[in-house]
Amino acid sequence: MDLATIGGLVIGFGLVLFGTLVAGLSPLDIFDLPSVFITIGGGLSASVVASPLSRLLNFTKYTRFALFPRQTDVGQLILTLVSFSERARREGLLSLEDDLVSLEEPFLR
Numbered sequence: 000m001d002l003a004t005i006g007g008l009v010i011g012f013g014l015v016l017f018g019t020l021v022a023g024l025s026p027l028d029i030f031d032l033p034s035v036f037i038t039i040g041g042g043l044s045a046s047v048v049a050s051p052l053s054r055l056l057n058f059t060k061y062t063r064f065a066l067f068p069r070q071t072d073v074g075q076l077i078l079t080l081v082s083f084s085e086r087a088r089r090e091g092l093l094s095l096e097d098d099l100v101s102l103e104e105p106f107l108r
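Numbering (numbering that gives the first Met the number 0) for the sequence shown: 0 to 108.
Since the hints were made in silico from the structure, they are not lab data. Keep in mind the model is a prediction, meaning the values are calculated, not measured. Just so it is clear, CB atoms sit at the ideal spot from N, CA and C, and this is done for glycine as well. Any given hint could be a false lead.
Unchecked claim - Pairwise CB distance ranges (calculated): (1) Ala49 - Gly11: 17 to 23 Å; (2) Pro68 - Leu43: 21 to 27 Å; (3) Asn57 - Glu104: 15 to 21 Å; (4) Ser50 - Ile5: 21 to 27 Å; (5) Leu93 - Lys60: 31 to 37 Å; (6) Gly40 - Leu102: 36 to 42 Å; (7) Pro51 - Leu102: 23 to 29 Å; (8) Gly6 - Val48: 25 to 31 Å; (9) Gly41 - Arg89: 51 to 57 Å; (10) Phe30 - Arg69: 47 to 53 Å; (11) Val81 - Val21: 31 to 37 Å; (12) Leu14 - Leu102: 40 to 46 Å; (13) Ser50 - Arg86: 36 to 42 Å.
Start from the sequences, fold in the hints, and give me the full structure.
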């Protein structure tokens, strides 16, 4: 699991709680039900409006990518990019089109 995601969530919730306490409010004042519905419902509905249906149906897949990022072999990625740049310089950019289909790294496609 990506520690930055967990850390960001903990820091965010912690700062909201800290701000509530500094303002002299009770932590239960955060959970005003109409405000929660407006905030979370508004955010979710804005996401639904802004995203195509295919992305919405794959919500769990995207959430998994956010929490468990794929490990990439950076050394191999650099070697591939250097190889592509040398070939493009010698043979031109169009010579790389055939290799695009066989690439496993989505970033390079």
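Now for the hints, and whether the structure bears them out:
Distance hint for Ala49 and Gly11: a CB-CB separation of about 22 Å, consistent with the stated range 17 to 23 Å. Pro68 and Leu43 have their C-beta atoms about 23 Å apart, which keeps the hinted 21 to 27 Å range intact. Between Asn57 and Glu104 the Cβ separation comes to about 20 Å, which falls inside the hinted range of 15 to 21 Å. Look at Ser50 against Ile5: about 24 Å separates their beta carbons, and that is inside 21 to 27 Å.
Checking the proposed 31 to 37 Å range against Leu93 and Lys60 shows it holds: the Cβ atoms sit about 33 Å from each other. Checked against the hint of 36 to 42 Å, the pair Gly40 and Leu102 passes, with Cβ atoms roughly 41 Å apart. Checked against the hint of 23 to 29 Å, the pair Pro51 and Leu102 passes, with Cβ atoms roughly 24 Å apart. In this structure the supplied range 25 to 31 Å holds for Gly6 paired with Val48, their Cβ-Cβ distance being about 30 Å.
Checking the proposed 51 to 57 Å range against Gly41 and Arg89 shows it holds: the Cβ atoms sit about 54 Å from each other. Taking the beta carbon of each, Phe30 and Arg69 are about 36 Å apart, not inside 47 to 53 Å as hinted. In this structure the supplied range 31 to 37 Å is violated for Val81 paired with Val21, their Cβ-Cβ distance being about 53 Å. Look at Leu14 against Leu102: about 41 Å separates their beta carbons, and that is inside 40 to 46 Å.
Hint check: Ser50 to Arg86, Cβ distance near 37 Å, so the stated range 36 to 42 Å holds.
Violated hints, listed in ascending order, are 10, 11; each of the other numbered hints is respected by the structure.
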